[in-house]
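Single-letter residue listing:
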Amino acid sequence: MDRRQLRDFDLPVLVVTTALVAIGIVMIYSATHGDWAGDLSVVVRKQIIWAALGLAVLTAAMFVSQDTLEGLAPILYGVALSLLIAVLVIGVGKGGERRWFELGPLRLQPSELAKFAVIIVLARYLARRKTRLDRPVHLAVPLLLALVPAALVLREPDLGTSVMFVALLVPMLFWGGARPFLLMLLATPVVSLLLALPWTEGFPVNWVAWAVFMALLAWLLYVSRLFITDKLLVFSTCVFTGIMGPFLWERLADYQRHRILAFLNPEKYRFSTGYQLIQSKIAIGSGSVLGKGFLRGTQKNYAFLPEQHTDFIFSVVAEEFGFVGCLVVMGLLLFLVLRMFKLAGQVRNRFAGLVIVGIASTLFVQSAINIGVTLGLSPVTGMPLPFLSYGGSSLLVTLASIGIVLGMGMRRMEY
Amino acid sequence: MGISGNGQRGLESVRLRSRALRIVAVALSLVIVVRLGWLQLARGSFYEDLSTDNYVQGFVVRAPRGLILDRSGEILADSRAALSIALNRTRGRDDEATADLLAELLDLDRAYVADKLLEARTSYYGSIVLLDDADFEQVSRVEERRSELPGVKVSVTAVRRYPEGVLGTHALGYVSQISDVELRSMQPLGYSQGDIVGKTGVEKRYELLMHGRDGAEYWVFDASGRELYPFPPGPAREARPGNNLVLTIDAPAQRAAEAALAEFEAGSVVAIEPSTGEVLVLASHPSPNPNSLASGVSSEEWSELVGSPRHPLLNRAIQATYPPGSPFKIITAAAGLEVNEVAPLRERVNCKGAYKYGIRTFRCWRREGHGIADLMKGIVESCDVFFYQLGARLGVATLMDWTERSGLGRETGIDISGEVGGNVPTPAWYDRRYGKRKWSKGVVLNLAIGQGELLVTPLQAAYLTSGFVSGGRMYTPHLFKRVETYSGRVIGTARPAAAQELPFSDSTIAFIRRAMVNVVEAPNGTGKQARVPGIQVGGKTGTAQNPHGEDHAWFISFAPADDPKIALAVLVENAGSGGANAAPIAREVIKAYLRIEDPEPEPEPEFLPAETGEAAIAAGGGALDGTIGEEGD
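Chains as they are written, first to last, in this note's numbering: chain A, 1 to 415; chain B, 1001 to 1633.
Derived from the structure by calculation, the hints contain no laboratory data. Hints may be right or wrong, so weigh each one.
Stated by the list, open to error - From the structure, some residues in chain A lie toward chain B, with a derived Cβ separation under 7 Å:
1. 131
2. 286
3. 290
4. 293
5. 303
6. 334
7. 345
Every residue gets a Cβ at the ideal spot worked out from N, C-alpha and C, and that includes glycine.
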């Protein structure tokens, strides 16, 4: 490690990361010390161990060179895919899901590793590409790289995490040089699919909206300067996903459909799935400006708030520390993300820049969706809040990624 | 700057892209912050209420209902501790499983339990009472399965108790859970679901005095419906007990009346203190058991009560009307005296057992006749022929005019609800009923002896009697004597309210009173069975025609004769002779009220009472009620 590298070490990122992990441990302590819970201090102790382990991994990851990482990418991707297949066979989870490997007291979630692997392998592919990403067909390989693990994760089933693979794809392609127009086209099949879903059963408004959308798309393609084959490809893909939408909807598990419907109409599903959303909103809203105070959250204490120490940890922050506490947590998270995006623009190595963008985007999208869920802005997805939610795999992978980013920052002048 | 490996269009482009990503991140974050601000800042207090509502539940602490006491302080109604099972609002509860389990444990109808669970789920305040007076078995079964029954609360509550069971039930009334209709009108007065309120009698009339002010307490609950601890510690508002109500009822006399009535199928006794209008006895037999009504009856038990041919829920004292029979002769006599149709000491009629009016013959109850009779003998021996001729001379209009002016035909205004006014058939009434001139003036003969369409309640009979023994002044009958706080401070006392004066002169009233004393005390009086050793008693026997069966027995009475403390009316349904069956009841009530002990076993009566079938029988036969008029002028 030379002097320059030491100068380029991003201390604030490490400090903020450590602060977020510490806040997470404190909030998990609070979430597991309600009147209802009895002694759950074992959860806190586990998280502390994971945090310590994670910081060690973070430190180690700093010393992994970007070339090594780039070389490892295909292997890592292969391992991740194998694990995703394996977890479908021997995995465990709540009520018929297969999400984790259970190794004694440890639970490992391969989808967390897979997210990281997809970032690396996408970065490698995009960094090595010699031509620009101009035509829709140029997106075929990156799409395939992301969609294969996404499909496997969807089989677990874990809708939220599988959405993440697509979500991180977009900023990385953007960074890789894809034109925004192309990215927009990338989104069109998804929009087509969503519009075609039977949101309101028995009412044909979706088909009207879908038809309007398709007409707009046709016009847009007509005036664009794409090849005629590309235009036809995009349009036919949209027709295909639109027709597939209702079939896919039927294929979703009951609870997944419920979550989406409950998100759209929580009052109607007040006593089932919507219950979580309503209780979370009550917890957050009742926190008001300064919160009810540490360990004083009534929604949390009396178990009205679901999944307190995992997916709804942000609601605990909001209830006990109010608007101010939320701004602090969100500010720290946003600080990390912005800092990383900025760093991505500073590193000289193209692969490193893509990896940083992928990691930062994952961090941002995952945080935004998790917080969005607690606020009722997004359907319940079962996604952890990075750094804060209880969960070893997530914390370990997140801290490792931060280590990678810190290392790349130190070597920002290398090509 | 030169060429960079990062990005195909060089560093500038990379910086632009970095900035674009950062702008997007900040913009999306702002959306979240706005949403957060909306929930926490704009809607903060709304959600604070919701969160409090989530874990804190309020409960009504029922105020102990005031006691009901008789005029000398004997307890007629109090409260006992009971265990009640209530359902709280609990979100995490599986209502289907809970309904199954509760229905099984408590031996209740499952649909009823499911209904109450739904009510509890949707109720905004307090808890829903499932079982008001659970027995020990039921409670222990629930306690054993406590962990499976979130939000099921067992608490101590007060249940109305009538220590003697049936005693003055029709005066006291009974209590039961507030109905939805009642709740709508009583909610502004602070009543809430599950409250116990008076349904009839003084329990209903003086509900607000006796109810007290319910307190409230708050408990912390967790999401699974477990009750954790009080919030904040201690009761938030103490319950204030209701006031005690002292009634004018005299428990010993009431008891004597009910014991005597119990020998018969059905009947009623009403006794009034003549100088005040205080109701000393208000008995109606048969009667439901108010204790079982207070702890809740099933719908089958209720329809059995309602459908019973003996009508136990009917308060005969104020709600049933009967022809007054011979006691009405005192009105006919007084009216005769007032219009100078009879000179009491000179007027004589020879009773040969029947009276001819037009083509019809009206019989005296004594077939062999009374011989030469004057007004005194007419009353004392209850000679029908004497009153036929007197009635014929007075005419319907005059006789009914005096009757109305004596207070009959309208409610007395007693302070319990449901009273009816009876009927005084004036010529106008007959015109309405049968059409102008479609009825015979001969109806006056039946009216003169208290039969026909003339109808009175036992209360009216007692009320009228009180007027004749209190110098002509009648006081509104009332059960309320005074009200005291639970600590005994008097906060209200009833004052006698003179309702009206009898329209008769003092001498007329004195004559009637003398005649009534003779009815009981003279050797040939029809009311000898009412004699009480040591005092003089006045009275008048009677029999009310009953087209549906055996005639009803009447006796009106007062005692002591020189300074009457009690005026009463006894009616026994289907008991025939008033002298034989109603007069002894009056005697028992008078003895009980005046606290007169039997000196020795009663001597055998010298002879059996002669009065049987005193009623006039219309010679033409046929139905007796309302058919007379059809025979034409």
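Exercise. Find the hints from earlier in the document that the structure breaks and name them by number, from lowest to highest.
Key: 1, 3 and 4
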